[in-house]
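Participant: So the chains spell out like this:
Protein chains: 2
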Amino acid sequence: MTPTIGILGGGQLGLMLLQAAIDWNLRVHILDPDAEAPCHALCTQFVQGSLTDYETVYQFGQTVDVLTIEIERVNVDALEALEREGKRVFPQPAVIRTIQDKRLQKQFYRDHNLPTADFILTDNRADVTQHSDFLPAFHKLGRDGYDGRGVQRIASISDADKAFDAPGVLEKAVDFEKELAVIVARNEQGQVQTFPTVEMVFHPELNLVEYLFAPADVSDEINQQAQEIARQTADAFGIVGLLAVELFLDKAGNVLINEVAPRPHNSGHHTIRANVTSQFEQHWRAILNFPLGDTSAYQPAAMVNLLGEEGYTGPAVYEGLEALLSMPGVFPFFYGKALTKPYRKMGHITVMDADMEQLREKVALVKGSIRVIA
Amino acid sequence: MTPTIGILGGGQLGLMLLQAAIDWNLRVHILDPDAEAPCHALCTQFVQGSLTDYETVYQFGQTVDVLTIEIERVNVDALEALEREGKRVFPQPAVIRTIQDKRLQKQFYRDHNLPTADFILTDNRADVTQHSDFLPAFHKLGRDGYDGRGVQRIASISDADKAFDAPGVLEKAVDFEKELAVIVARNEQGQVQTFPTVEMVFHPELNLVEYLFAPADVSDEINQQAQEIARQTADAFGIVGLLAVELFLDKAGNVLINEVAPRPHNSGHHTIRANVTSQFEQHWRAILNFPLGDTSAYQPAAMVNLLGEEGYTGPAVYEGLEALLSMPGVFPFFYGKALTKPYRKMGHITVMDADMEQLREKVALVKGSIRVIA
Chain E
31 MTPTIGILGG
41 GQLGLMLLQA
51 AIDWNLRVHI
61 LDPDAEAPCH
71 ALCTQFVQGS
81 LTDYETVYQF
91 GQTVDVLTIE
101 IERVNVDALE
111 ALEREGKRVF
121 PQPAVIRTIQ
131 DKRLQKQFYR
141 DHNLPTADFI
151 LTDNRADVTQ
161 HSDFLPAFHK
171 LGRDGYDGRG
181 VQRIASISDA
191 DKAFDAPGVL
201 EKAVDFEKEL
211 AVIVARNEQG
221 QVQTFPTVEM
231 VFHPELNLVE
241 YLFAPADVSD
251 EINQQAQEIA
261 RQTADAFGIV
271 GLLAVELFLD
281 KAGNVLINEV
291 APRPHNSGHH
301 TIRANVTSQF
311 EQHWRAILNF
321 PLGDTSAYQP
331 AAMVNLLGEE
341 GYTGPAVYEG
351 LEALLSMPGV
361 FPFFYGKALT
371 KPYRKMGHIT
381 VMDADMEQLR
391 EKVALVKGSI
401 RVIA
Chain D
31 MTPTIGILGG
41 GQLGLMLLQA
51 AIDWNLRVHI
61 LDPDAEAPCH
71 ALCTQFVQGS
81 LTDYETVYQF
91 GQTVDVLTIE
101 IERVNVDALE
111 ALEREGKRVF
121 PQPAVIRTIQ
131 DKRLQKQFYR
141 DHNLPTADFI
151 LTDNRADVTQ
161 HSDFLPAFHK
171 LGRDGYDGRG
181 VQRIASISDA
191 DKAFDAPGVL
201 EKAVDFEKEL
211 AVIVARNEQG
221 QVQTFPTVEM
231 VFHPELNLVE
241 YLFAPADVSD
251 EINQQAQEIA
261 RQTADAFGIV
271 GLLAVELFLD
281 KAGNVLINEV
291 APRPHNSGHH
301 TIRANVTSQF
311 EQHWRAILNF
321 PLGDTSAYQP
331 AAMVNLLGEE
341 GYTGPAVYEG
351 LEALLSMPGV
361 FPFFYGKALT
371 KPYRKMGHIT
381 VMDADMEQLR
391 EKVALVKGSI
401 RVIA
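Residue numbers (the numbering used here), protein chains in the order written: chain E, 31 to 404; chain D, 31 to 404.
Calculated from the structure, these hints are not laboratory results.
Treat the hints loosely; a few may be bogus.
Far from chain E, some chain D residues (derived; all Cβ distances over 12 angstroms) [claimed, not checked]:
no., residue
1, F138
2, I150
3, I187
4, K208
5, N237
6, E240
7, Q255
8, R390
Taking beta-carbon pairs under 8 angstroms as the criterion, some of the chain D residues facing chain E (in silico) [said to hold, decoys possible]:
no., residue
9, I52
10, D53
11, W54
On a predicted model such as this, the values are computed, not experimentally measured, just so you know.
Glycine included, each C-beta is placed from N, C-alpha and C at the ideal position.
Kindly produce the complete structure, drawing on both the sequences and the hints.
Facilitator: Listed below in structure tokens is the structure:
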């Protein structure tokens, strides 16, 4: 009766999916290239292998009833072959294919009248230099960008040497007020459910979420816009599973799609503690075609990413854990990565408080209290 | 830096401890006689072996830094040997030894002036027949009773043949109004923290918790009494870890200790969803000597035990899961036991609602909606 589920990827998102899978006693197999991946000891079966190799992904898919992902850099040809043979693959390979290429992704928004910053598709670096009137802009690599890699700010034509000499997209820089995110789930029956809108604060240099607040401090109108765009985007893709929709709120009050991820997302980790249904349980509900869960929050929450401290590389040591555990409403989550390096995501800390002002104070305390060193 | 922890027992309590251990990336080894125990695939290392065999427990203990239990029927001699050699064993073997024998346990309450029903220690069945003036009473087997086994009600002398012909305790029947429970945690520094008092409703025949409500519907005074008795009991034992204190509230308004368990307990499963800190995280905090966590609840909660349906034995089938998952604030948890049999604990369902009356209605709905059959 219980299906066997396979996840491509065994990192921290897989780990949190496994944790949620325990409640329903789901049988989960994991494929990851790293024998010591965070998930390796905590799943029904762990397979070491490449996520981008056709044969490896195809063979892994044969051993499970339902196949899903926790990272979008996977071999989509293999997923499509499995889907053609009747395997249940969620999110669907076609959705992953569109999203894993930022060029296709941007074109998708344009084709579906979904609001996004203006852009020009570029084939190489020389192409970028043709568009000085379009600057300042961001040049994004079409494929294989991840966590801040694959994005360059091109302020003026003198920065053109920073552009990628490969197919990419030149995206008009948005003069934004805030960055928001809405995680939305959709199941096979087309039921769609959003999580409350969150506000992300990015690290000034790293293009990584440094911390976030939930709910976002925006007007009801902006919130409704963000929620509606997330729903429309999920429906446009027809995705089955989670879709994390990252948004810009520009200074004119427009909400624009920045990018999406077809899986659980860093902007929803606080939902494990703060919401009736976590994003991870919601992913299971969506891909197993169960009714989607209530996404409302018990309390306002914040999430602080725990990044490896600058200047330390080696076996990770968590300094300040005891102080952290003495603070009420503070929940550290460590990903079990043996080695730390500068700015590596080593864990996150959820912070909750019924009072928004006290929440902000607690976040400041938390950020000062723990360091990952070697 | 991270200690390796061993748990004696790999059943559902171990499973929920493992789930909580994921947040802190704890390395957990499990010893259980059943190769297919709920924990077998979800721990750092699983060892199949007897919990009551000296050598097996002793050898398992050698492989870990901290040793704990999820069931009290374990070889205490081996734990004492390990403790003498400097191993950290929590709860302490002496506490387990007292609790695993109901005769020693009852005598302990008497010696420490902790309120409990009057009792007489008996050596055999013939002994019981000497005490007709003490009836109605319960005759409890000193050792190895579990989940309803090892307890007989002796209403009058004509029931004396139901008494156990082995060392036991004859305990005055309490004419009780309610059965309550308080889970309390104590760490090595002597910090003590209780969970809110819950009210348990037992199955009329099985001596198993059928469902419970948290918080208990009792006066502030009774609640304070229950909380205070739990604290005093934890302090009297000097336990490091969790202590689940089951209590009678008698018709005269007295709160009396029924029995205790030195581990996570069925009366605290709802804390996974309903409380800031779950009983499982609290157990880790206590035995790793971290500050104890905030035990307050986000909302009133109930917990319904999911027992194997009468008349069905075999591979478990969960009938009605989809309906259950469509109810907001309803959280099923399945223990992953392959086979069901009548009244076997197969899982539990946490139910939450801000309104106590609606909570009761939801519980009635939940009880009618799901069955475990074969």
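Participant: Hints numbered earlier in the text: which of these fail when held up against the supplied structure?
Facilitator: Every hint satisfied by this model.
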